[in-house]
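Peer 1: Sequence:
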Amino acid sequence: MNSIYWSQVVPPKKRFVTISPTYVAENKLQDDCIMAIIFNYPDELVKKLYIIAAPCERQELIDLFNNEKIYCRIENNGNLTIKN
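Going by the numbering used here, the letters in the sequence shown line up with residues 17 to 100, in that order.
Just so you know, these hints were derived from the structure itself, not from any lab.
All values reported here derive from a predicted model rather than from experimental measurement.
Just so you know, not all the hints are guaranteed correct.
As the list claims (entries may be wrong) - Computed list of lysine-lysine pairs in DSS-like fashion (alpha-carbon distance at most 30 Å, straight line):
#	residue 1	residue 2
1	K63	K85
2	K30	K64
3	K85	K29
4	K63	K29
5	K64	K99
6	K99	K63
7	K30	K63
8	K99	K29
9	K29	K44
10	K30	K44
11	K44	K64
12	K99	K85
13	K44	K85
14	K85	K30
15	K64	K85
16	K99	K44
17	K44	K63
18	K64	K29
19	K30	K99
Let's have the full structure, built from the sequences with the hints guiding it.
Peer 2: Okay, here's the thing in structure tokens:
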């Protein structure tokens with residue numbers, strides 16, 4: 017008999033971070049986002065986001081970047097959205 021684990025049945029939790037255009041411009045996050053996606057080097061992006069994040073948001077941020085794939089998108093209103 018095969019065992020079924022919850023991790024196989026339940027999809028992984030979707031996480032996302034939305035950053036306003038003000039923070040994107042002040043912290044120059046667009047270039048770091050490109051480095052994270054194209055060159056698979058998210059270290060600088062994670063450092064900057066960790067600094068500007070509230071203490072209660074930091075674990076969510078770490079969990080987001082522990083996923084294999086992340087996606088960055090600039091919305092029409094200028095918000096930067098990072099999600100898995």
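Peer 1: Look at each hint and say if it fits the structure.
Peer 2: Each hint tested on the structure:
no.	hint	verdict
1	K63 / K85	18 Å, holds
2	K30 / K64	22 Å, holds
3	K85 / K29	13 Å, holds
4	K63 / K29	23 Å, holds
5	K64 / K99	16 Å, holds
6	K99 / K63	17 Å, holds
7	K30 / K63	21 Å, holds
8	K99 / K29	11 Å, holds
9	K29 / K44	28 Å, holds
10	K30 / K44	25 Å, holds
11	K44 / K64	9 Å, holds
12	K99 / K85	9 Å, holds
13	K44 / K85	22 Å, holds
14	K85 / K30	11 Å, holds
15	K64 / K85	19 Å, holds
16	K99 / K44	18 Å, holds
17	K44 / K63	12 Å, holds
18	K64 / K29	23 Å, holds
19	K30 / K99	7 Å, holds
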